[in-house]
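Student: Now for the letters of each chain:
2 protein chains.
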Amino acid sequence: MNEHFLEDFAVGDTYRSQRIRVDETRMRSFAAEFDPQPFHLDSDAARASIFGGLAASGWHTAAVTMRLLVDCDLKPAGGVVGAGFDEFRWPLPVRPGDELWVEVEVLEVRRSRSRPRQGILKIRMTTRNQNSEPVQIAVGNLVVRTRTAA
Amino acid sequence: MNEHFLEDFAVGDTYRSQRIRVDETRMRSFAAEFDPQPFHLDSDAARASIFGGLAASGWHTAAVTMRLLVDCDLKPAGGVVGAGFDEFRWPLPVRPGDELWVEVEVLEVRRSRSRPRQGILKIRMTTRNQNSEPVQIAVGNLVVRTRTAA
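These protein sequence lines map, in sequence, to chains A and B.
Quick note: the first sequence uses the working numbering, first residue 1, plus one each step.
Quick note: the second sequence uses the working numbering, first residue 1, plus one each step.
Chain A with its partners taken away, still in its complex shape:
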């Protein structure tokens, strides 16, 4: 595995993930466990809802996005450890059979003042469907190890 330390990242770097298909069966079972609302479970109810049709739970989209992120070439030293988000939204619903992929852009690289062996990588993660439409946009901060205490 080719790990990247904080020093290896630069503002403007981009990464692109593979694709994961979100199938209807998993969409429904995820929702049944974590987000049991009619528009995530039942096609008829979904048609009459704000989503206008069956839609994945946003948390399913977020979880799939994490899997795409972990598997892509970003590979921060110490793992993909989220410190939190400054922005997080779902501009479009995810539909049964959608194929999701993630585009990552490095927005900021910052050493910690108090902890010399780590820093913060601010990234924008845009999750897109097979038509390249954004279904989730998140600006988050990852904790990343530094190579040297410098």
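By construction, these hints were calculated from the structure, which means they are not laboratory data.
Every clue listed holds true.
Because identical chains share one entry, a pair is satisfied inside a single copy or across any pair of copies.
Listed next, the in silico SDA-like pairs over lysine to any residue satisfying Cα-Cα at most 20 Å (straight line):
no., residue 1, residue 2
1, Lys75, Gln37
2, Lys122, Arg89
3, Lys75, Glu33
4, Lys122, Asp86
Guided by the hints, dock chain B onto chain A, whose structure is given.
Tutor: The following block gives chain B in isolation, referenced to the frame of chain A:
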């Protein structure tokens, strides 16, 4: 079900959920599917990591939080539909066997100017463990139906 329309909410209203226990088996299987990193899967690797022991994926915590939110007495008309978050962080890891519950506080109630039949409810959701320590803090906006077009 006692649905609440936008007009039924007021700044300062609070809601409190039931509890859900996050067991180690589900923690590991969730992570295996969505966040397959050593500190979420393997106790020895986790001890050497930034978490100092096995920790749930933050997305598992987020998904459990959603379930607690859907089941609590908030019950917004049209369902719990998230428009996005202004803040989202995980101040402490969730450990095997932790019992999570959520506290919701209404921060803002705002009618939509362009869509008279809906509005935005800004809420703070604090997910706590059995010791009442916060494990997730999120400030998010829900889309809620209005009772009248007023």
